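Chains as they are written, first to last, in full-length UniProt numbering: chain A, 1 to 228; chain B, 1 to 211.
Don't take every hint at face value.
Here's a subset of chain B near chain A, in silico, CB distances under 7 angstroms, partners left out [as the list claims (entries may be wrong)]:
| id | residue |
| --- | --- |
| 1 | 44 |
| 2 | 47 |
| 3 | 48 |
| 4 | 50 |
| 5 | 52 |
| 6 | 73 |
| 7 | 101 |
| 8 | 104 |
In the EDC-like style, the derived pairs of lysine to aspartate or glutamate whose C-alpha atoms are separated by at most 16 angstroms in a straight line are [as the list claims (entries may be wrong)]:
| id | chain 1 | residue 1 | chain 2 | residue 2 |
| --- | --- | --- | --- | --- |
| 9 | B | 47 | B | 61 |
| 10 | B | 175 | B | 119 |
| 11 | A | 64 | B | 145 |
| 12 | B | 190 | B | 145 |
| 13 | A | 75 | B | 92 |
| 14 | A | 75 | B | 145 |
Since the hints were made in silico from the structure, they are not lab data.
None of the values given here were measured: they were computed from a predicted structure.
Beta carbons are placed, not taken as given, at the ideal position from N, Cα and C, and that holds for glycine.
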Amino acid sequence: MENSGVGGVYQYFWGYASESIQLACKYAYPTATAGCTLNEKGIEFEIVPVDLLKGEQKNPEFLKLQPFGVTPVIKEGDYTLYESRAIIRYYAEKYKSQGTDLLGKTLEEKGLVEQWLEVEAQNYNAPAYDLVVNLLFYPKLGIPVNADLVKESEEKLAKVLDVYEERLSKSKYLAGDFFSLADLSHLPFNHYLVNAIGKAYLIKDRKHVSAWWDDISNRPAWKKVLEL
Amino acid sequence: MVVKVHGTNYASGPRRVFACFYEKEIEFELVPVNLFAGEHKGPEFLKLQPFGVVPVVQDGDFTLYESRAIIRYYSEKYRSQGTELLGHTLEDRGLIEQWLEVEGQNYYPHVYTMVVQLEVHPLIGLPVDDKVVAEHEEKLAKVLDVYEERLSKSKYLAGDFFSLADLAHLPFTDKLVNSIGKGHLIRDRKHVSAWWDTISSRPAWKKVLQL
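Turn these sequences into a full structure, and let the hints steer you where they fit.
See the structure below:
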């Protein structure tokens, strides 16, 4: 992984491998979610770099793959799929019988995994994204930081994390006493909060959220993503 | 035992669930939550749904919230009855998930913001911010251009079959077309318009509107 120092932009420049799943990336965070899931399932993949700073995600070639001009997108033979949370659900289901179980064991457990994936997507993602983009990427791109938005986002995220704290005081992981896609989908942004934008206290000040973070961030599949 | 849905007949999240239940022929009971009185922020409700939003379902001992999680769970649980909403293959399912995510991440945020400004604010005595509306309308227009392209090649979003991905769009598109006067966003796009006509004339959706 290329890390250009404190507050640096995480950009993955992976080399080409042979066949199998191609994962196109821009920023680390949603691509890291997809990569981590594939790691948990023991599935080999190849990263095809997409250079954000050069705006490659808006090239006509790329837009044929992903018409909204964002990453990741996977290509497996003729099959193309985008949206990181769709990609992780697809692979978790396809490779259900190998690697880590990421969807729980019963239909009800899977329902709770879906619930917390949606909580991440609808409640956690937006304020976390605004914090990361303003504090990590905008300085790099010479765009002024929106201080009001940063303050507002932090307040929103704090309230969301209070609910997580309550949940995790009763349950080892979000969907129950088992690691799942719901926990996994939080890895990249939590990583930025703790390690890149000086907001570690949001996690560390909450006893159960902190313990949960220590647990999930020490998983080998996640560490493998960080070593790329 | 009948599934309880805590919500209202007019809020979009619960409507998504009702649409799914009607398609899957699942009996349910609507337990009204008084949103205007702030019931969803009260301690009793927060025990059920700690983020203080509707819907939340109670199915015996099992409680589940987030409408898009609820519709996925029930579509799977009742796979063998009613309309098939999850496609036929794993790859179909993948594309359904893709378009569900597109709805949740690209479509919904803009429509929601416009609905809050144009429908909710007047009701609660807050001013409408035209700049915010215009900004989100512009972004939504770009998203709908992608939908137009997709639907020119595919009858429904995930393929040539109706699915959860289309269903998920029903409530907020209804708001767009019928409540906040932004129907042109749909009508000006030939294939999006045809798609909207098709999905909104499904009997299950019509039942939701009659609740």
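Hints versus structure:
1. 44: Residue 44 of chain B check fails; min Cβ-Cβ to chain A is 16 angstroms, beyond 7 angstroms.
2. 47: For residue 47 of chain B, the interface hint is violated, since the closest Cβ of chain A sits about 11 angstroms away, which is over 7 angstroms.
3. 48: The hint is violated - residue 48 of chain B has no Cβ within 7 angstroms of chain A, the shortest such distance being about 12 angstroms.
4. 50: Residue 50 of chain B check passes; min Cβ-Cβ to chain A is 5 angstroms, inside 7 angstroms.
5. 52: violated, 9 angstroms
6. 73: Check passed: Cβ of residue 73 of chain B comes within 4 angstroms of chain A, closer than 7 angstroms.
7. 101: holds, 4 angstroms
8. 104: At about 6 angstroms, which falls below the 7 angstroms cut-off, the nearest Cβ of chain A leaves the hint on residue 104 of chain B intact, so it holds.
9. B:47 - B:61: Holds, because 14 angstroms separates the two Cα atoms, which is no more than 16 angstroms.
10. B:175 - B:119: holds, 9 angstroms
11. A:64 - B:145: holds, 14 angstroms
12. B:190 - B:145: Measuring from Cα to Cα gives roughly 11 angstroms; hence the hint holds.
13. A:75 - B:92: holds, 15 angstroms
14. A:75 - B:145: violated, 23 angstroms
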